[in-house]
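Number of protein chains: 4
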Amino acid sequence: MNLASDNVVGASRPVLEALLAANQGAEGAYGADAHTAKAEAMLSDVFERECVSSLVATGTGANALALAALTPPWGAVFCHAEAHVLDDECGAPEMFTAGAKIVGIPGAAGKFTPAGLEAALERFPKGVAKAVQPACVSISQVTEAGTLYTLEEIGLIADTAKRHGLKVHLDGARFANALAGLGCTAAEMTWKAGVDVVSFGATKNGGLACEAVVFFDKATAENFTFRRKRGGHTVSKGRLLGAQMVGYLQDDHWMHNARHANAVASTLSEGLAAVAGVRRVWPTQANEVFVSLPAAVAARLKDAGVRFAPWSSGSMPEGFAIAADDVFARFVTSFATREDDIAKLVAIARG
Amino acid sequence: MNLASDNVVGASRPVLEALLAANQGAEGAYGADAHTAKAEAMLSDVFERECVSSLVATGTGANALALAALTPPWGAVFCHAEAHVLDDECGAPEMFTAGAKIVGIPGAAGKFTPAGLEAALERFPKGVAKAVQPACVSISQVTEAGTLYTLEEIGLIADTAKRHGLKVHLDGARFANALAGLGCTAAEMTWKAGVDVVSFGATKNGGLACEAVVFFDKATAENFTFRRKRGGHTVSKGRLLGAQMVGYLQDDHWMHNARHANAVASTLSEGLAAVAGVRRVWPTQANEVFVSLPAAVAARLKDAGVRFAPWSSGSMPEGFAIAADDVFARFVTSFATREDDIAKLVAIARG
Amino acid sequence: MNLASDNVVGASRPVLEALLAANQGAEGAYGADAHTAKAEAMLSDVFERECVSSLVATGTGANALALAALTPPWGAVFCHAEAHVLDDECGAPEMFTAGAKIVGIPGAAGKFTPAGLEAALERFPKGVAKAVQPACVSISQVTEAGTLYTLEEIGLIADTAKRHGLKVHLDGARFANALAGLGCTAAEMTWKAGVDVVSFGATKNGGLACEAVVFFDKATAENFTFRRKRGGHTVSKGRLLGAQMVGYLQDDHWMHNARHANAVASTLSEGLAAVAGVRRVWPTQANEVFVSLPAAVAARLKDAGVRFAPWSSGSMPEGFAIAADDVFARFVTSFATREDDIAKLVAIARG
Amino acid sequence: MNLASDNVVGASRPVLEALLAANQGAEGAYGADAHTAKAEAMLSDVFERECVSSLVATGTGANALALAALTPPWGAVFCHAEAHVLDDECGAPEMFTAGAKIVGIPGAAGKFTPAGLEAALERFPKGVAKAVQPACVSISQVTEAGTLYTLEEIGLIADTAKRHGLKVHLDGARFANALAGLGCTAAEMTWKAGVDVVSFGATKNGGLACEAVVFFDKATAENFTFRRKRGGHTVSKGRLLGAQMVGYLQDDHWMHNARHANAVASTLSEGLAAVAGVRRVWPTQANEVFVSLPAAVAARLKDAGVRFAPWSSGSMPEGFAIAADDVFARFVTSFATREDDIAKLVAIARG
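Going line by line, the protein sequences match chains L, W, F and Z.
Converting from the first sequence to my numbering requires adding 687 to each position, the first position being numbered 1.
Converting from the second sequence to my numbering requires adding 687 to each position, the first position being numbered 1.
Converting from the third sequence to my numbering requires adding 687 to each position, the first position being numbered 1.
Converting from the fourth sequence to my numbering requires adding 687 to each position, the first position being numbered 1.
Among the hints, a few may not be true.
Because identical chains share one entry, a pair is satisfied inside a single copy or across any pair of copies.
Cut-off 27 Å, straight-line C-alpha distance, at most; resulting in silico cross-link-like pairs (BS3-like, lysine-lysine) [what the hints assert, rightly or not]:
no. : residue 1 : residue 2
1   : Lys849    : Lys725
2   : Lys905    : Lys1031
3   : Lys905    : Lys813
4   : Lys817    : Lys879
5   : Lys817    : Lys989
6   : Lys725    : Lys1031
7   : Lys725    : Lys817
8   : Lys813    : Lys849
9   : Lys989    : Lys905
10  : Lys989    : Lys879
11  : Lys817    : Lys1031
12  : Lys989    : Lys813
13  : Lys1031   : Lys813
14  : Lys1031   : Lys879
15  : Lys849    : Lys879
16  : Lys725    : Lys813
By construction, these hints were calculated from the structure, which means they are not laboratory data.
Nothing here was measured: the structure is a model prediction, and the numbers come from that model.
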C-alpha cells in the first residue's frame, strides 16, 4: 500500500481509454489536433468562460511557464514560505522567468494572508531601482499543508494583490481535490475570486502526465506559445495531452476521482487520529493527511508494507512539535486508493 | 494520407501495450520506477556500453538539455546552418544554456564538414575574452535534408572537434532511421565515432512522447538531474516514459519500425522520381523524401487528400533551383505508412 | 605611435577637467546627481528632441541593455554578419536578453541592406512557434568596415524593419565619427531616419568610460532603470558618468574631436594608398583605415614602433583577397592622433 | 552636510591624482595596461598571497560576477536575510548566475551564524533533484547593520560552509572599514579565515568607481574573463580602474581613509547617543551609525540641512522597536567627513 504521494499510481481507466482511442489516425502535430482542441474547449466549459489553455506534461513546467508569463526578470513572485514553486522545483521559476525572485511569506497551515503579503511587499518598493519589482502572487490550492484557502481568503489575497498591481496565479496541482473540498465551482475558486492564471493539474488525480496552464485574459497569454516551445514543453504528438485531458474532464470523471480521494483521506485522517499517540498536524481538507506518529506505529506500518512520506516543515502550528521519537508523516490518497486498504491501514496502526 | 511529418501518427502497438501494461500498481515517482530502470538498462545494451540515460517527453527538451550540459553560457555550439537546434526550437538551446551562441555552418545535403567546422572556429579564438568560446558540435543524424553522415564523416568531424577541445552531440530525433539507413550499430554511429552525448529519439518512430538523453561519460552527466528538474522535464509518473522506451526497444521493435519507414520512403522516392517533371532535391537515405513537384502534380496530390509539407531551404544543391511554378515538398514516412498507400500516392502523382 | 584602436588613449582634456570639477561636494548617488541631469538634458539638445537617456560605463553594457529593451527572450536581433554585438561581446546581448538569437546578415563594406534583411526575416516567420520572433535590427554606424551607411540607407533599413514590426537600434560606438563623416545632424542620423534607440558612445572619442543609451520613445525605456541596475551598470557615484558626458558634449567638443580623428584618418588613408603595394580594403569614411600591407611595409612600421591591429574579415570586397605575404591591418585614429605622427608613419611605410 | 551614504562624495585626492597621471600616453585596452597590472600586483601584496584579481566599476557587478563564479544556475547562495545581494541589487545575482536562489538567513545585528546556516541548509538536501543545491555563502563585512563579524565568526561560518562543500564569498563593499574596525590584516579577514572570493570595494572609501573581485584560488577564477566581458563589465580604457586602485592602495591611503571614516563615525555615534531620546539600534563598529531619533531631533537636523538615510529593518534587536514618532536613521561617514562637521551635527541634534 503506497500512500507516499498521489503520483505513485498510473492513470485512471477513463483517461487511459481516451488515450488509447486517440492513438488512431493522423492528426496535426504540436497541439494542432482535434483532441487538444476539444480539451481546450472543455476547459473553457469547466471555467464557465472563454480561456486560453495550453497543455504541458509536468506541473513544474506549468508553474514555471505560468509565472514567467506574469513576471519580468526583475520581478518578484510572492508565495507561501513552503510553496512548491519556492522549494520543490529546483529553481524552475527562476529559470523560466530569467531570474526573478521567489519570495516566501510565512503563514499558518500552509497559507499566507493579505497582511503577510502586505508586509512582504514593503521590502520591494515600486519604482525603486535596487528592488526587484512585485509582479504576482502564487497561491497553492491545495496548500503544502494539505489545507484549503476559503473562497474569501483567496478573494482577499487577490484584492490585495490587485491593489498593488500584481497578477494572481493559482498553483492547482491538486485543483480537483481543492474544488471537492470546498464544494464550489472552478469559476468561483479562480477568476471570480480574482485569479488570473491557473496551473490546472490532472496528473495527480487520474492523468499520466497532463497539466493545463489556463489564462482568463488573452493579453496575458500573448507570447505563451513561444515560451512553451522554447521551454521544450510543446509535445509533438499533442494528442498525448489532449486525449488525457478530454478523458479526465468528461462525464465529471475528474471530480469523481477527487471526491473519492478526499473521502478516503478523511476516513484515514479520522482513523489515524483515533489511534493512541497519533496527532494530526494540520486539518485534513483534501487528499493529504499529515500526522505525528509514535515510533511504534510508524514501525508497524512500515513492517506491513505501508509507504508514506517522511515529512518536515518550517512552519508547524504554533506550539506543535514532533516529539523526539515520533515520526512526521504525510499520507496521500488518490482515485486509486481503496477504502478497504484504508481500513486495513488504520487497523495496523492501531496495533 | 498524411505524410507531412512522422509525428502526425500515434504510437505503434507494442509501445502502446507497454504503456498499458505499466499502468498498474504503485511505482516510485520522478523516474524512480521499475520501467525507467529497465529502459535505462536497455539503452546501455543498445549502445553496448554503460550509459547515463535520462528520459524526457520532447525532442526540444532533450536537445536543449543535452547542449546545456556541454556548453557554458559563454560557449558556442556549432551545427549545420539549417539544424533543428538552430532554426526550429524557438531558442530553446539558448534558454537552457543561459545564452550560448548557436553557430550555423553551411554545407551541402544538410551536412557540414570538418573544413567547415575549422572555418567557423576561426571566428571564435580560444581564450580571447570578446569571443564566445567553442564548446561543442551538434550533428543532426538524420540531417535536415533527409541525408546521412557516413560513419567516417562523423568520425572526422568528431576528430576535428576533439582536437579543438569540443564535445560532440548527436541530435538523433530520427536515430533509428539513421541506423537502418547506414546498417551499422548504435555504438558505431556514436561513441565509437567520437560522439559524447546523444538525443535518442523514439517519438517519431513509434513512441508517443519519449526521448532519451544518453551520456557515454558519467562526468558530463553530473548535474543533469538538476538541469532536467529545473527545466520542468522530470515527469512525475515516470513510467509514462520508461514504459514507452521499453516497448520501443524490446524485441528489436524500434529497428523494425525504422526499416519499414525507410523502405517505404525509398519506394516513394523511386516512384515519385519516375513521374514526369518531378525532381529529387536530395537523395533519400532514411525516411524523408524531398522533391520538386510540378504544380499539377502537387495539385493532384492535394486534391486526393495527400498531405505533405511545403518546404524551403537556404542550402539547396549547387545549381538546383525550384522553378517558379513548382512546389518544394517534403514527404515523411513512418512505421504506420502502408505500402499500398505509397503505391496509390505514386499513381495519383503520375496522374 | 599606437593606432591599434581608439581606446588606447586616455580622456581628452575637457572631459578630464569636467571630471575633476565634478569631484567636489556631495551629490545624490546612483544617477541622482546634477551632472547626470545636465548630461541628460544636453543629450536631448543634441538629438533635438526629448529623450530618455541612461549613462553606463561600457559600450558592451550599452548595447546589451539597449537590445534587451527591444527583444524578448524568444526574439531575434538582425545585424550585419560581422557586427560587434554578434562577434565581439562574448554573448552579452544573449545574456541580457535572456537568450535571444543574434542573426548576422552578410553584406558588402560592413553594411547590410533592406533586401538582406528581408531574406533573413524569411527564416523566422511571425507567429510560428518554432521560430524565434524578429524583434529588432541593430545598425552599426560607423560599421565594422569603417564605412558609413548613408541617411537614405538607414532610412530604407528602418522602413523595412518597421514594416515587419521591428524596432531599430543604432550601435553608435563611433557615433561622432559617423556624424562628422556624413556631415549631418544627430537627429537626421537617428530618429528622423527611423532609429528608436541609440548606443551613443563617448569613450572612444574623448571619454574615459562613458556611453549613453538614448531612447526616443518613453514607453520603450520603461523598465530600463531595473535592467541597468540588475546588470550592475548603475554607477553609484553617478557623477563619474555625468561629468564625462557634460565635458564631452559642451562647446561642441565631441564633434571637434571626431572631425579631427576623421581628418587624420583621411590623411593616413591617402598617404598609405600612395605607398607601393598598399591597397585599401574598404574606403575610409570615418576614423578607421583598413589596408593590405606588403610584408616589408608592415615590418618597417612595426620596427619603428607603430602599432596597428592585425585584421581579418569574412566579408571582404568581391574579388579582393589578401595576398599570402601581405598583412591585413587596421589603423584607428582618435582625438589624440597628431598630424605630424601620421606624416611620419606614412614616410616610414614608404621606406 | 550629507551623511546619507558614503557614495555621495567624489574621489579622494590621491585617487583622483592617480587617475590624472594615468591619463597620458597609449596603453593596451580592456585591462591590458600597466596600471591594471600594477593594481593587480598590489592586491596580491595586500592579501599577502598571489591572487587573481579583476577590476570592475560597480559593487553590484563585482558581487554578481563573484557569486556567478561560485554558483551554478541550480545552486543556492546563503547570506543574511537583509544582505545587499539579496535585497538591493534588483536581482543581479539571479541574472548573473542564470537563476540561482539567494537564500536569506535571519540573524541579530546583521550577522548570520553557523547554526543559522545549518538550519537553512536543511531545506536544500544535497543530491535531491527538486532542491536547488547549496553552492556558497556570502558574508557582508561590514554588515548591513554596520556591525562586524569577528575573525572567529567568519572562520566558524567558513568551516561550516566547507563541511557542506560550499565556497565562501565576502561582500567587502566596505572592506577597508571592516579591516580598520577589526584591526587585523586583509589576509586574516579573508583566506586565513576560509574566504575564497572577495568583492573588494574601493568606491565608497575614496574611489570613484572601482571594485575588485579577488580570487584566492586560480581554478575558481578560470572563466571569469568571459563572465566579466559578457556582463559588459570589462572597461575598454582599463586604466580608469587600474589607476584608481593604484592610487587607492598606495601609501596605505585606503586604510588611512577607512580609519578616518570609522573614527568620525565613532565620534558621531557617541555624540548622538548622548542626546536625550536618541537610541543606538546597533553598535557602531565601522563607518555607519544607526539610531532611533526623536522626531524633534530629526526635524532639527533636517532643518539644518543634515542629510541622513531613513532606514528600516526586518531584523531589529530583540525587544527593540522604533517608537511611533521616532525616526530610524542611518548616518554614514567617509574619508571626506570633517570632524568639525560632526561636532556641529551633534550640537544641532542636542538642540
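Verification of the hints:
For the identical chains of this complex, Lys849 and Lys725 are neighbours neither inside a copy (32 Å) nor across copies (38 Å), given an alpha-carbon limit of 27 Å. Neither within a single protomer nor between protomers do Lys905 and Lys1031 lie at most 27 Å apart by alpha-carbon distance, with minima of 50 Å and 45 Å respectively. Taking the shortest alpha-carbon separations for Lys905 and Lys813, both the intra-copy value of 26 Å and the inter-copy value of 18 Å come in at or below 27 Å. Taking CA atoms no more than 27 Å apart as the test, Lys817 paired with Lys879 passes in neither setting, with 35 Å inside one copy and 33 Å between copies.
Taking identical chains as interchangeable, the C-alpha atoms of Lys817 and Lys989 lie at most 27 Å apart only when they sit on different chains, with a minimum of 25 Å there against 52 Å within one chain. Within a single copy, Lys725 and Lys1031 get their C-alpha atoms no closer than 41 Å, and across copies no closer than 32 Å, so neither meets the 27 Å cut-off. Only between protomers do Lys725 and Lys817 lie at most 27 Å apart by alpha-carbon distance; the minimum there is 23 Å, versus 46 Å within a single protomer. With identical chains, the CA atoms of Lys813 and Lys849 are at most 27 Å apart within one copy only, with a shortest distance of 14 Å there and 33 Å across copies.
When the C-alpha separation of Lys989 and Lys905 is checked against a cutoff of 27 Å, the pair qualifies neither within a copy, at 50 Å, nor between copies, at 35 Å. For the identical chains of this complex, Lys989 and Lys879 are neighbours neither inside a copy (44 Å) nor across copies (47 Å), given an alpha-carbon limit of 27 Å. In this assembly of identical chains, the alpha carbons of Lys817 and Lys1031 never lie at most 27 Å apart, being 58 Å within a copy and 32 Å across copies at closest. Taking identical chains as interchangeable, the C-alpha atoms of Lys989 and Lys813 lie at most 27 Å apart only when they sit on different chains, with a minimum of 25 Å there against 52 Å within one chain.
Neither within a single protomer nor between protomers do Lys1031 and Lys813 lie at most 27 Å apart by alpha-carbon distance, with minima of 56 Å and 36 Å respectively. In this assembly of identical chains, Lys1031 and Lys879 lie within 27 Å of each other by CA distance neither inside one copy nor across copies; the values are 42 Å within and 56 Å between. Taking the shortest alpha-carbon separations for Lys849 and Lys879, only the intra-copy value of 13 Å comes in at or below 27 Å, while the best inter-copy value is 40 Å. For the homomeric pair Lys725 and Lys813, the shortest alpha-carbon distance between copies (26 Å) is at most 27 Å, but the shortest distance inside one copy (42 Å) is not.
Checked against the numbered hints listed earlier, the structure breaks hints 1, 2, 4, 6, 9, 10, 11, 13, 14; every other hint is satisfied.
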